[in-house]
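Peer 1: So you can see what is in the structure, the chains are spelled out below.
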Amino acid sequence: MYRLGLKMLFADRAKYIMLLSGMAFAALLMTQQGGVFVGIIEWTKGNLKNMRAPIWVVDPKVEQVNEVKPMRDTDVSRVRSIPGVAWAVPMYWGILQARLVDGTFKPIQLVGLDNATMVGRPTKMIEGRVEDLRIPNAVIIDDLTVKRLSVGRAKPLGMGDTFEMNDKEARIVGICQTEKSFFGYPYIFSTYEQALQFAPRTRKMLSYILASPAEGWTADQAAQQIREKTGLGAYTEEAFGESTVKWFFKNTGIPISFMTTIILGFIVGVAVAGQTFYSFILENLRHFGALKAMGASDGLITRMVLLQAFTVGIIGYGIGLGLSVFIGWKFIQMGQPPFALPYQLPLGSFVAVLLICTFASLLGIRQVRKLEPAVVFRG
Amino acid sequence: MNGLDRVIHVRGVTKTFGKGDAAVHALKGVDFDARGGELLMIVGPSGCGKTTLLSVIAGTLGFDSGEVEVFGHSLHTMSQKQLTAFRAGHIGFIFQSFNLIPTLSVLENVTVPLLINGVGLKEAEDRARAMLEKVNIGKRGDERPTNLSGGQQQRVAIARALIHEPRLIICDEPTSALDKDTGQRVMELLSSVARGPGRCVIVVTHDNRIFNFADRMTEMDDGRVQRVHENPSKSMAGH
Ligand SMILES: Nc1ncnc2c1ncn2[C@@H]1O[C@H](COP(=O)(O)OP(=O)(O)OP(=O)(O)O)[C@@H](O)[C@H]1O
Ligand SMILES: [Mg+2]
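The listed protein sequences correspond, in order, to chains A and B. Residue numbers 1 to 379, in the numbering used here, belong to the letters of the first sequence in order. Residue numbers 380 to 618, in the numbering used here, belong to the letters of the second sequence in order.
Calculated directly from the structure, the hints in this document are not laboratory data. Watch out, some of these pointers could steer you wrong.
As the list claims (entries may be wrong) - Simulated coverage check for chain A against chain B, where a stretch passes if three residues somewhere in it have a Cβ under 8 Å from a Cβ of chain B:
| # | region |
| --- | --- |
| 1 | 5-14 |
| 2 | 274-281 |
| 3 | 316-325 |
Unchecked claim - Cut-off 25 Å, straight-line C-alpha distance, at most; resulting in silico cross-link-like pairs (DSS-like, lysine-lysine):
| # | chain 1 | residue 1 | chain 2 | residue 2 |
| --- | --- | --- | --- | --- |
| 4 | A | Lys370 | A | Lys180 |
| 5 | A | Lys370 | B | Lys460 |
| 6 | A | Lys106 | A | Lys180 |
| 7 | A | Lys7 | B | Lys407 |
| 8 | A | Lys330 | A | Lys147 |
| 9 | A | Lys69 | A | Lys250 |
| 10 | B | Lys513 | A | Lys370 |
| 11 | A | Lys124 | A | Lys180 |
| 12 | B | Lys398 | A | Lys7 |
| 13 | A | Lys229 | A | Lys69 |
| 14 | B | Lys559 | B | Lys513 |
| 15 | A | Lys69 | A | Lys246 |
It should be emphasised that the depicted structure is a prediction, and the values quoted were computed from it without experimental measurement. Quick reminder that beta carbons are idealized off the backbone N, C-alpha and C, glycines included.
Isolated chain A (complex conformation) (with noise of 0.2 Å):
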């Protein structure tokens, strides 16, 4: 009987292709647009992928790897004196012009890496040697500068080329490959110095102090020494990135408009679906009526309609989520927006379809078990 009842929508070309639509747009935008999300969730914590370290000093004001408050270079020897903590760094992070061969400019987020350490460094070297930075003048660019800041010219920007940052010759010394991040500005690291000499000159230049625990302390401990000792802002590498999550979900519009977006996906797959699978059954009611008098059961035909429902749903899920996918490969080929699959995705928008699939059917279920087999004798 089962294998009837679906046969009965499959017929219905028309209804059946809507409720495919329904469902799979519904899919589509509740995984996408969720892909999106987490995207920008990921971005937002690039800073923290692309320049490593077990802890981050800043200033106690400092929520979030995307904000910058400087310090005072005295703050890391302050840093370092603190029991547990094994070694503490100076970084400089700032977003700069870089000058293109036209004459324009392109903003740079500029990393200076200690010249001791080079704690922070590119975590993919693609061409050349970090500890080439001690060069004067040396920069090593992501794969994204290159791109950014070769317009214009016969090649693309290598190694040994040259181009101005602020007015200053920088010569590459190196070629990486950096995570995006929320500015989407390519990264171009040098040393500390460096950075100094390229960063325009104000009171106050340190913007991060990356450390690392002691033996026989956690990074938790470190920090929270450092926390207490400096009254400094101290986070372990997850607790930072936790922290600028929060921070994005509380200062930005950013998480609520995708919610928003995400409940309309929902809301449009239950009303689609809904609508079309309600008429489907309205339309079929004397078929039901007279399997009924012939002695269906209400569990046998509430069966029969769930099955054909969540049937629809399913293959529609799987369309969207497949047209969700190809479109966040090419989003994350054209580098842009943003986008991210983690498994809790598609198994969220997953269950939201079977969800949807529930409410679409319960409205024609109750149409059918309230349906008097008699009245397949009438008219």
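Mind docking chain B with the ligands on chain A? Use the hints.
Peer 2: Okay, now just chain B with the ligands, sitting in the frame of chain A:
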């Protein structure tokens, strides 16, 4: 079994639709019997309660008072669940407008009562094929019912009504959507394949052109059975 057993007993059944001023007393104390092996017709003016009585006997409609016994099952004491199971096992339905499911093939339509009774797909299809042969429509099994003429569709409906070998066949106006000749042929088929020992066929009709197929006639008027008589054009001597 004695074919003349009274297999259906209806005593003092009343049924009122609606309430107060709008109330319609469709059945006002119906007494009615049917015997095994017979084709019984219920006739009477429009609105006299024929369909209502048929629905009550088929277990598709509840009634207000009275007793209904069908093949020893007392419908007035059964729960909805029991009634549903009763219909699935014992009743074959033939409707005026055929009520075939247009999106299923002819063969699939015929399998429905078997599937409802839990018969496997393969066996159901085999039996449906054989039944379609029996109603002379064996070659059309894979088509959609809507491709068939009215008479052919009613044959499919007959096949569907008989497939699970129910003991009671219920037909409401089976020929009124058909022209005279087609109606005659459908009734010929019905009275030849549907009738069997111990099985009872009840036909509600307006159509006096098919009265001659009845073994007995039950005349209703105004919610009551007025008269029951043997069909003079038929001899019951054979039974
Ligand atoms: N579901 C219902 N709700 C309200 N009134 C009903 C309902 N079903 C039947 N009736 C009324 O009950 C009376 C008997 O109806 P029924 O259909 O049994 O008559 P019938 O003899 O089959 O008529 P016809 O020959 O026109 O089919 C009619 O007055 C009808 O309007
Ligand atoms: Mg009627």
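Peer 1: So, for every hint listed, does it hold in this structure?
Peer 2: Hint check results:
1. 5-14: holds (count 4)
2. 274-281: violated (count 0)
3. 316-325: violated (count 0)
4. A/Lys370 x A/Lys180: The hint is violated at about 57 Å.
5. A/Lys370 x B/Lys460: holds (14 Å)
6. A/Lys106 x A/Lys180: Holds - the C-alpha atoms of A/Lys180 and A/Lys106 are around 16 Å apart, at most 25 Å.
7. A/Lys7 x B/Lys407: Violated. A/Lys7 to B/Lys407 sits at ~44 Å, over the 25 Å cutoff.
8. A/Lys330 x A/Lys147: holds (18 Å)
9. A/Lys69 x A/Lys250: holds (19 Å)
10. B/Lys513 x A/Lys370: With a Cα-Cα distance of about 36 Å, the restraint between B/Lys513 and A/Lys370 is violated, given a limit of 25 Å.
11. A/Lys124 x A/Lys180: Given pair A/Lys124, A/Lys180 holds - Cα atoms ~13 Å apart, limit 25 Å.
12. B/Lys398 x A/Lys7: violated (41 Å)
13. A/Lys229 x A/Lys69: Given that 25 Å is the threshold and the Cα spacing comes to 19 Å, the pair holds.
14. B/Lys559 x B/Lys513: Since the Cα atoms of B/Lys559 and B/Lys513 sit roughly 22 Å apart, the hinted pair holds (cutoff 25 Å).
15. A/Lys69 x A/Lys246: holds (19 Å)
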